[in-house]
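Sequences and hints are given; from them, build the entire structure.
Numbering (numbering that gives the first Met the number 0), first residue to last: 0 to 288.
Check before you lean on any hint, since a few could be wrong.
Stated by the list, open to error - Capping the alpha-carbon separation at 25 Å, the derived lysine-lysine pairs in DSS-like fashion look like this:
(1) K281 <-> K250
(2) K110 <-> K281
(3) K180 <-> K129
(4) K129 <-> K250
(5) K144 <-> K180
(6) K17 <-> K128
(7) K250 <-> K180
Rather than coming from a laboratory, the hints here were simulated on the basis of the structure.
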Amino acid sequence: MKNNIIFVVNPISGDLDKSDLIDAVYEFSITNNFNLKVYETTGKQDIKTLRLLYEEHKPQRIVVAGGDGTIKMVAEAMEEHDVIIGILPAGSANGLSVDLNLPNTIEENLKIAFLNHYIEMDMICINGKKSIHLSDIGLNADLVKNYEESNLRGFWGYALQAYTTLTEYNEPFVATITTNKETSIHPARMIVIANSQKYGTGVTINPNGVVNDGKFELIILKSLDLLLLGKIITGNMPIDSDDIVIISTDKATITTDYPVNFQIDGEYCGAQTSLEIHILHKQMKLAIP
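See the structure below:
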């Protein structure tokens, strides 16, 4: 009996041509006797369609070619089902792939996505929406918003928006953070809600993050001067800095003194004044090296 696999492709993620990747997946499937069903996302009712496809094919795995947003969408579609998700990184932001140390070649990633063992990974629920990787409120969300609204894509589009965002950013906001243990108040430029360690650029923002420990971290950046930013970008995250506070918890509420831009896994979600956050322990099965 053949093993059924659903292959989910986001045709527009990362502005990348995926024809070579799709050909490689077909070839790998034939060689390894998999029965492949290909689904290209449209951005319209993808979750509903994937659930119907699951019921029809009952796959042992779903392999995803896309970025963090596509992976998250598949995880949400499969939240009621016991199925392993494999990743073929193909987005503009492949933060989760970087965090999981997935290799750079298609050949190696095919073996991991289709054949390797898996972990049961946590997700985070923020105001009813799911996050698999890194979400934040403040400066980086400003950047995501500016990038989404611009016409320039790729590295240079991102670099331009980073420069614009850093030179135009607002006054610090004041955040009141309540966890199971305490309430604290912090001025902040940015607060990261982290399930894992690294942004897709490879920058480590949460050195102690573990994706399946039943906790998430809040990384509060009180200031973001160029010196601190330089340290973070070069991999020297100064945990003992007075400008950085890290809170590890399984539940938290963040309220801000004015509406602040917010993003989940690279997707802009509007300006918010209140975030309700809790962990979803061992929510998805993910193939890893």
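Against the structure, the hints:
With a CA separation close to 15 Å, the supplied pair K281 and K250 stays within the 25 Å bound. A hinted pair counts as satisfied when its Cα atoms are at most 25 Å apart, and K110 with K281 qualifies at roughly 23 Å. For a cut-off of 25 Å, the pair hint linking K180 to K129 stands: about 24 Å separates their Cα positions. A threshold of 25 Å between alpha carbons decides the hint, and for K129 with K250 the separation of about 14 Å falls inside it, so the pair holds.
Restraint check for K144 and K180: not satisfied, since their Cα atoms lie roughly 33 Å apart, outside the 25 Å limit. For a cut-off of 25 Å, the pair hint linking K17 to K128 is broken: about 29 Å separates their Cα positions. The suggested pairing of K250 with K180 holds, with an alpha-carbon distance near 10 Å, which does not exceed 25 Å.
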